[in-house]
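Okay, here's what each chain looks like letter by letter:
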Amino acid sequence: MTTAGAALPMTTTPTIAALETASGKAKKRLTSRWASLAAAVIALLWTIPTFGLAISSIRPERQIKTTGWWTFFSDPQVTLDNYRTVLSSEGSTGLGAYFVNSFIIVIPSVLIPISLAALAAYAFAWIEFRGRNLLFVIVFALQIVPIQVTLIPLLTLYVKAGLAGTFWSIWISHSIFALPLAIFLLHNFMREIPKELVEAARMDGAGHVQIFFKVLLPLLTPALAAIGIFQFLWVWNDLLVALTFAGGGNSVAPLTKALADLSGTRGNAYHLLTAGAFVSIIVPIAVFLSLQRYFVRGLLAGGLKG
Amino acid sequence: MALRLSRPPKPLHLIALGGALTFTLAACGGSSSPSATGDGAGDGASASGECAAYSQYGDLKGKTVSVYTSIVTPEDTPQIDSYKPFEKCTGATVKYEGDKAFETQVLVRAKAGNPPDIAYVPQPGLLAQLVSTGKAVEAPKEVSDNVDKFWSKDWKGYSTIDGKFYGAPLGANFKSLVWYSPKMFKDKGYQIPTTLDELQALSEKIAADGKSKPWCAGIASGEATGWVITDWMEDMMLRLSGPEEYDKWVKHEIAFNSPGPTAALDKVGSILKNDKFVNGGLGNVKSIATTTFQDGGLPILDGDCYMHRQASFYAANWPEGTKVAEDGDVFAFALPGVTADSKPALGGGEFVLAFSDRPEVKAFQTYLSTDTWANNKAKASPLGGWISANKGLDVNNLVSPIDKLATSVLQDPNAVFRFDGSDAMPAAIGSNAFWKQATSWITGQSTKDTVDKIEAAWPK
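Chains as they are written, first to last, in our numbering: chain G, 1 to 306; chain L, 1001 to 1460.
This is chain L alone, in the form it adopts within the complex:
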């Protein structure tokens, strides 16, 4: 796979990333003492007796657990590899099924009474829908305890429905990232901005300086075209209005067309709908709608564009041979907040939802919620591209600099984390009206019309 080849060999990374590492360590310093100790213990156990950490699950010989997920090639191989220690020590078999049509099929299967044992659900909204079919089962106490121990409180809330806790988070992704070319920044003497105002000033400066535009973007993504703008807007909402208002917005306790969300979308417009700022190397503002999100950041490599806001998983989109590192071809900085010390972080992730309470399913569910699994997963991903908000995850087990950066932010106790809002909104908004109106907005519709129409589409 090209994706597998797209990163330079490991040793290079490790040396090159000294800078990122120290940043990571600094960010974690003093914050995650439970994770540090928990982790050490896990490592010790696996060193002395490989299966010691798995004895709690008992003997599961001949038992099978079926897993149904939206994670397909090439990310599925590291997933499957990370189950091997569990399979080896307990004797259980994990039957993995990846499917890109997961989001619709899992509902069909749950409704027809044919659910998998475990599903990795990428959206809280979908999780609620699955729970409402009555087929899902609550997470066992061990999982709940692990989540209390390893995740910050807000994560637990996303999979708690009517006071019942259904599933631990699995992987995560970190969306508040701006990709840039360290070399181009260095050549021009640009500094990485630490506040939103600095970011705006930097964009103005780049626009005034040269032929290349400061930003490039692409929102085309098949039927999901427009989701990129929803992420932009969530990021700005979280920054300009703060986390409390953000939560109210997601839950529709404030109207979609109230001043807060309107200001957030206007702020996005000040960048994405500004002809001086976009669309580096791709065309004018309207070209954003026709450029696929996969290609949106590529002009950075040609020097046609300076910045591209996209999640940590965008690392996989750089073509073969691109060095993703602080001193490489591309790297990313966290999208700054209003002030330099505020750290709003927008992200997403999957949740492990079980449809069966057989002992082997419970055991596997528990395994996935431990720091042992998180570290196994990190080690099973030699090419990176995977992160978790599990505080027991040792960032040193991650190989890719961008993963380290993203994980360090997710584990930072000062960071204000919020889950991707459109994923938690009702499907009629989060995966329909919001996308479509955002697309109309980028092709010319006014901000007011856009928020009014989304508000009107909200299911009563």
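Bound conformation, chain G alone:
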């Protein structure tokens, strides 16, 4: 599932990146016939696994279980049964309710860390205070902590606070895990905005709030969109965090958990997985395709100042 989600977006990145960041010379070189051919070949190679999944998802059960997807071309048999089972609301196989849960999880888990990170990044970039650099290094260093070591202590805290098994624990966890990188990227982006712009605003009598909302925020849009997409994809594909903190049952479980359980107790219904994967990647693909120009632009802008 995750691989499918990751493989597809990757197909488009190399070409776009090549086109948009190219200085004149590089652009010339990269748009040559050979470079285009190489790009096409890479794109094709990246797409094959996803394509295979797509073919598999419309094959009948027996076919999936006995032969590879490429036999589809010599013996095409098409069925929508897999999709029907996966989407049916009857029984515990239906993915419908989990779709809603995934949205409930994703939206706050994206908005909370981005709002906080934008404010924190502003402070780190434009407000002078003692220990600023040290604090920034510490925040940045938090990225090193693997989330796995935080699971049990965090869950213990949630249990004590009575939050375990609710959406709150998932929202808070995702925000915690996203903040260090988001602050770092936004900080670097803000530092690149010319100092004169901020000073001019200050001369005109703007305070921090006005500078942030009126001057910086409009300029930050690409970076915010990039981090937003990043965080969206990560939360949408997350299984570990939801599984650990949503221990309250299926009422708060996201789509990924339903997908993981789709193949049955002993994995004998694994023919449903391809269809399930396709249902679950519709949303990330839609989000990515509609925002991809921000994705590349914003990422590069924030990343230049490593």
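The reader is advised that the hints may include incorrect statements.
Below, simulated BS3-like cross-link-like pairs (lysine-lysine); rule was C-alpha separation at most 27 Å, straight line [what the hints assert, rightly or not]: (1) 1164(L) <-> 65(G); (2) 65(G) <-> 1100(L); (3) 1111(L) <-> 160(G); (4) 1149(L) <-> 1362(L); (5) 1362(L) <-> 1164(L); (6) 1211(L) <-> 65(G); (7) 1276(L) <-> 1153(L); (8) 1183(L) <-> 65(G); (9) 1273(L) <-> 65(G).
If you are wondering where the hints come from, they were derived from the structure by calculation, not from laboratory data.
Dock chain L against chain G, hints included.
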């Protein structure tokens, strides 16, 4: 679900299975008199007043019991259905949560102080780990009494830790089964072997007779790749060295590389690493490592392979429309012992572990340990695929012939039952070194290297 459709309609089964039934009855004859009477009483009660059998649990209106298990779709629906009589008569609500990541998550939840009320633990090793977190509570006396009454003694031992009894067995699975095609056997005039030597002779004969190989197997199972061979080895260990040696082996009182286990693995090798015997319809010996366990037995349907050793739950893997019966497309016989009258049986099962001693949790725990529940569960599983070692379970309530066969063996007092050894070994062996070394073994590593390496990995 395809799984639900994979079996023919019930009536067919019942008629078709006359043979298996008589076998079942014969096997049970004289053995399980307590079960027969207990069962009758249960049925009578439910006939006269549906809730009579539940009055002992009292009024539990508005109370909720949360259950956390590794049993997910499609096996979860019959589980949930089997709680309905309890919920209806006591007023309690059972909140069921199935999760394939149960084995890791339940530990996380127990350690963080967020355990469910009840967990169904599929391995004695994991049960011991959960008990050591200090969050689990001992089973109430009613449960203990029920287990004494309905299960053979060895079952109680698996969930007894430091003299304290923690949970009743729930479902079971029976691993010592060899799947075969009754039609192919009949066509060729092959007899079902009754001893290991006969099995070997039959394999030789099939190999000499025709193009199809006698055995097919697959051990790939994601990160658990190799577990199929651990089952094979346990089966052979139980047969060649006997139950006492088997217990010592599991508890590491004899070394993993001592002669007994080495001989057992060699015996497995005489079948699985024999190019004349495997891998029917799938390739050579090495193809065993790359074939998923779900697909390992399917060549039987195409006539490319004669036998496949896999547990009772493999019934769910036959594709839609396959008739699993003694006169159907596939059926199974019990893997024979060294002699015709020895009946070693390898199996597994879940245990009901409670993390709370609230009255409603105790009541539900007790309900699950009764013959009433076992029979309710059997009736709630119209497609089969579920068995229990509960002697109060009436085999006639089971619909699938293979379930009847497996249950009859589990309830047979002459059968020597042992729990899947790798599940009871420490996790570093049972769900790590044993799997990995078994996989290396099938792809070419020698038996000696394999047992030596597993012995070396045993936690000191």
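Broken hints, by number: Per hint list: 1, 7 violated.
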